[in-house]
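Going by this note's numbering, the sequence shown wraps up at 73, each residue one higher than the last.
To be clear, the hints were calculated from the coordinates, so they are not data collected in a lab.
In this text, all values refer to a predicted model and were calculated from it rather than measured experimentally.
Glycine included, each C-beta is placed from N, C-alpha and C at the ideal position.
Any given hint might turn out to be false.
Between beta-carbon pairs, the in silico distance windows are [as the list claims (entries may be wrong)]: (1) ASP33 <-> SER70: 29 to 35 Å; (2) MET24 <-> GLN54: 26 to 32 Å; (3) GLN55 <-> VAL34: 28 to 34 Å; (4) VAL34 <-> ILE65: 19 to 25 Å; (5) ASP35 <-> SER70: 25 to 31 Å; (6) ASP33 <-> ARG66: 15 to 21 Å; (7) VAL34 <-> SER70: 18 to 24 Å; (8) THR37 <-> ALA68: 16 to 22 Å; (9) ARG25 <-> ALA57: 29 to 35 Å.
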Amino acid sequence: MRFEVMRLDDVDGTAVDSTVVDAASVNRIVQQAAAEGQRIYIRPAESTAS
24 MRFEVMRLDD VDGTAVDSTV VDAASVNRIV QQAAAEGQRI YIRPAESTAS
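Based on the provided sequences and hints, a complete structural model is requested.
Spelled out as structure tokens, the structure:
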């Protein structure tokens, strides 16, 4: 499963940038954001049907 991770602006909470990662990377990103005090939003990435 893949997830979209968005880094949020500290002032108004709008998405500053986003990336799509696999489930194994989510924990690392959450730990890094917590250590740096970043606000993030994580949601399942939309899958594209082929």
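> Holds or violated: 16 to 22 Å for the Cβ distance of THR37 and ALA68?
Replying inline: holds (19 Å)
>> A range of 19 to 25 Å was offered for this pair. Does it hold for the Cβ distance of VAL34 and ILE65?
In response: About 20 Å separates the Cβ atoms of VAL34 and ILE65, which means 19 to 25 Å holds.
>> A range of 29 to 35 Å was offered for this pair. Does it hold for the Cβ distance of ASP33 and SER70?
In response: holds (31 Å)
> Regarding ARG25 and ALA57, is the given constraint of 29 to 35 Å on their beta-carbon distance met?
Replying inline: violated (21 Å)
> Between ASP35 and SER70, is the Cβ distance one that fits in 25 to 31 Å?
Replying inline: holds (30 Å)
>> Quick check: does the Cβ-Cβ distance between ASP33 and ARG66 fall within 15 to 21 Å?
In response: holds (20 Å)
> In this structure, is the beta-carbon distance linking MET24 and GLN54 contained in 26 to 32 Å?
Replying inline: For MET24 and GLN54 the Cβ distance comes to about 19 Å; the hint is violated.
>> The hint says 18 to 24 Å between VAL34 and SER70; measuring C-beta to C-beta, is that right?
In response: For SER70 against VAL34, whose Cβ atoms are near 33 Å apart, the range 18 to 24 Å is violated.
> Taking the CB of GLN55 and the CB of VAL34, does the distance hold inside 28 to 34 Å?
Replying inline: violated (21 Å)
When the structure is compared with the earlier hints, violations turn up for hints 2, 3, 7 and 9 and for no others.
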